[in-house]
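Number of protein chains: 2
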Amino acid sequence: MPAGTLLYAQSGGVTAVINATASAVLQAARARRVPVLAARNGILGALREDLLDTSSLTAAEIKGLAHTPGGAFGSCRLKLKSLTEDRAKYERLLAVFRAHDVRWFLYNGGNDSADTALKVSQLAAEFGYPLTCVGVPKTIDNDLAVTDCCPGFGSAAKYTAVSVRECALDVAAMAETSTRVFIYEAMGRHAGWLAAAAGLAGAGKDDAPHLILFPERVFDEADFLARVDAVVKRVGYCVVVASEGIRTADGRFVADAGGKDSFGHTQLGGVAAYLAGRVKDALGHKVHWALPDYLQRSARHLASQTDLDQAMAVGRAAVECALAGQNAVMPVIVRDSDTPYHWHVDIAPLSRIANREKTMPKHFIRKDGYGITAAARRYLTPLITGEAFPPFGRNGLPDYVMPDIRPVPRRLPAWHG
Amino acid sequence: MPAGTLLYAQSGGVTAVINATASAVLQAARARRVPVLAARNGILGALREDLLDTSSLTAAEIKGLAHTPGGAFGSCRLKLKSLTEDRAKYERLLAVFRAHDVRWFLYNGGNDSADTALKVSQLAAEFGYPLTCVGVPKTIDNDLAVTDCCPGFGSAAKYTAVSVRECALDVAAMAETSTRVFIYEAMGRHAGWLAAAAGLAGAGKDDAPHLILFPERVFDEADFLARVDAVVKRVGYCVVVASEGIRTADGRFVADAGGKDSFGHTQLGGVAAYLAGRVKDALGHKVHWALPDYLQRSARHLASQTDLDQAMAVGRAAVECALAGQNAVMPVIVRDSDTPYHWHVDIAPLSRIANREKTMPKHFIRKDGYGITAAARRYLTPLITGEAFPPFGRNGLPDYVMPDIRPVPRRLPAWHG
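Going down the list, the sequences are from chains A and B.
Residues in the first sequence are numbered consecutively from 1, following the UniProt record's numbering.
Residues in the second sequence are numbered consecutively from 1, following the UniProt record's numbering.
Note that these hints are calculated values from the structure, not bench results.
We put the beta carbon where it would ideally sit given N, CA and C, even for glycine.
Some hints could be false.
Result set (SDA-like, lysine to any residue): computed pairs, CA atoms no more than 25 Å apart in a straight line [claimed, not checked]:
(1) A:Lys89 x A:Arg77
(2) B:Lys280 x B:Pro407
(3) A:Lys280 x B:Arg189
(4) A:Lys358 x A:Gly236
(5) B:Lys233 x A:Ala414
(6) A:Lys79 x B:Lys286
(7) B:Lys280 x B:Arg227
(8) A:Lys205 x A:Glu221
(9) A:Lys205 x B:Pro407
(10) B:Lys280 x A:Arg189
(11) B:Lys81 x A:Ser178
(12) B:Lys205 x A:Asp399
(13) A:Lys205 x A:Arg217
(14) B:Lys358 x B:Ala249
(15) B:Lys280 x A:Phe253
Take a look, some chain A residues computed to stay more than 12 Å from chain B by CB distance [unchecked claim]:
(16) Gln27
(17) Arg33
(18) Glu61
(19) Glu126
(20) Ala272
(21) Arg297
(22) Ser337
(23) Ser351
(24) Gly371
(25) Arg411
(26) Trp415
Modelling step: build the complete structure from the supplied sequences, incorporating the hints.
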């Protein structure tokens with residue numbers, strides 16, 4: 001049993017499988033008899049010395065985390081700046097680590113978190129404090145560099161493809177006398193990965209979704225409306241998937257077109273709502289839209305088995321890396337082949353991942369800009385393959401585990417950062 | 001083998017399990033060697049003599065319909081008026097029935113469809129045409145009279161409860177530094193059945209959803225905002241479920257508060273978007289909202305086993321009724337006990353169902369108006385119990401069946417109604 005404590009923290013938007021990574025981390029550490037603390041609400045908990053003692057969790061609770069969405073210890077949106085600008089915060093982190101004998105720090109997040117983990121490792125080296133920092137990949141946006149895909153994305157992608165297929169069957173059945181145009185808004189502020197995944201819902205020329213709007217392409221409203229109308233005339237209805245991050249030629253987010261309602265109240269924007277209004281005004285078709293919002297990133301009931309396997313694999317690998325003293329690295333997914341799909345975990349330096357953003361390759365978007373290519377299908381399909389249904393209770397709901405975890409007594413003065 | 005043809009048609013909004021009813025109808029009729037025609041797009045297909053010959057469907061296709069959402073033959077929103085006002089349409093229906101030797105008419109829909117089926121049976125009797133009309137219940141709104149519950153509702157209710165629970169875990173994990181208020185918009189223009197089902201997502205005092213807005217109660221904005229703020233202060237975040245049909249004291253639908261965006265374009269309304277804007281303006285909390293729209297009624301991937309069983313049972317019973325000559329009736333679900341849940345199918349006259357609407361009993365809504373009671377839980381829980389996942393393919397998507405069905409050659413002149 002190595003001396004010291006492992007600290008695990010979750011960062012940024014949660015996913016359907018980030019707790020599966022946590023579960024794998026806890027299992028791997030227990031197998032090596034390494035005690036694990038978790039920071040409540042991510043790095044904020046580390047700064048506040050608000051730590052949770054996972055030794056109180058039963059084996060069944062840890063196993064249950066693997067099928068529970070959300071973030072078991074809480075997450076946060078807090079980006080630390082440079083070592084110079086946020087010096088006091090980084091030093092506070094080290095003070096907390098020292099106070100609890102934290103020798104391994106696992107930070108489960110995206111490219112911002114990779115940057116934080118990297119900087120913490122640099123400061124520890126500067127102070128001569130023996131600390132191993134390991135990033136653990138997580139994001140539904142699939143925008144991390146180096147790794148072939150990001151745990152969290154596959155399940156959100158599966159949710160998106162299945163939901164769009166189901167809605168399309170609904171619209172197809174009703175279009176003659178009811179809704180002709182249906183618009184589904186997918187998350188993705190900068191990269192259209194989830195919108196692309198919706199493309200898996202259909203395969204034939206006139207299968208839904210008929211039009212996909214990517215943030216990688218400039219949104220041309222007149223062209224879009226003409227295409228919607230043409231699809232309605234040809235197919236009888238039109239299913240549109242719109243990335244929340246689409247922008248017009250002047251760089252304005254379409255989603256930011258919110259205005260005031262008739263009482264002068266703020267009306268919040270949204271791509272789908274905006275497009276629906278334009279379709280109604282300009283084309284006169286009956287239109288419906290859906291905004292799944294957090295449903296798409298928390299739908300553990302429809303997780304992808306591939307995604308779940310990868311989420312757990314990076315958790316296990318992170319513990320192994322850390323205990324082996326591999327500092328400032330992140331376990332990443334390497335794809336060996338598309339069909340049959342084979343992958344393995346490799347280790348990459350955080351410096352190659354921190355603050356970078358991977359957008360969709362150009363050859364994943366069809367030439368006309370409104371659909372995905374065969375190459376995109378080859379890439380995406382394995383990521384949504386396999387089902388990993390959670391156990392359900394006799395009350396008809398998934399047996400999600402929300403354990404109450406014991407806080408660790410504070411050893412330092414309160415922090416007022 | 002009885003002489004004649006059975007005509008089956010789907011009506012109104014589709015559900016996750018209306019095709020399961022269709023599947024059961026086709027199986028039961030085949031077992032009795034009765035040929036089945038289906039009207040394309042509901043009663044509209046019957047009027048147009050646009051009929052489909054289900055004899056071309058394989059047994060595997062019919063079985064597959066039971067796990068496929070949407071409406072296999074198409075549905076429609078078309079309410080026939082009184083026998084006097086729409087006389088020509090009713091006579092046309094009879095003409096089509098005669099031309100194709102239709103002796104049994106099964107109309108799968110809600111209270112409007114029950115009314116149509118009843119009127120057709122009356123006209124047939126007046127003309128001395130031997131026809132047996134049977135309504136088959138279907139609606140996610142759960143607002144049909146007589147029956148204890150409606151096939152289609154249980155699956156939409158399960159989707160709602162699971163989705164709200166999943167989103168609540170997401171918000172709970174992020175609330176410290178991100179979204180504090182989350183609003184989920186549920187279908188239900190007149191009755192809050194689906195919003196009530198969301199209440200199953202939590203059980204403890206401070207479990208999400210914290211506030212449910214029912215169309216059965218007047219929406220008081222100031223009271224609502226004060227409660228949201230109180231929950232955020234006490235719990236750290238607040239999950240709201242709002243029925244699309246809530247109204248203010250003057251009878252105005254909250255959802256109709258749409259306005260214009262900054263470009264003067266129509267901005268479509270929506271309860272969740274409106275409430276989100278008010279929370280942001282009045283309380284300043286970061287807010288997100290979800291509008292699942294058709295996802296909630298087409299999510300076959302999350303169907304309730306109880307709902308599926310009942311959808312198939314009413315389909316089988318409808319065929320048995322029809323062939324036994326029980327005219328102007330509808331198979332209904334009778335609840336024998338809550339725990340353990342037992343039910344059976346009974347037969348009720350259409351006259352007791354047509355054009356009626358069942359709202360939620362008053363004692364299902366908590367006294368403060370913002371939650372459900374233990375009685376509501378006892379009623380709702382069995383309806384979402386059991387999982388009936390569809391088979392999934394190696395592409396990660398459900399194997400939904402969309403058979404191409406042979407149209408029946410027309411025997412009458414075209415209809416210009």
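Hints violated by the structure (numbers, ascending): Of the numbered hints given earlier, those the structure breaks are 2, 4, 20, 21, listed in rising order.
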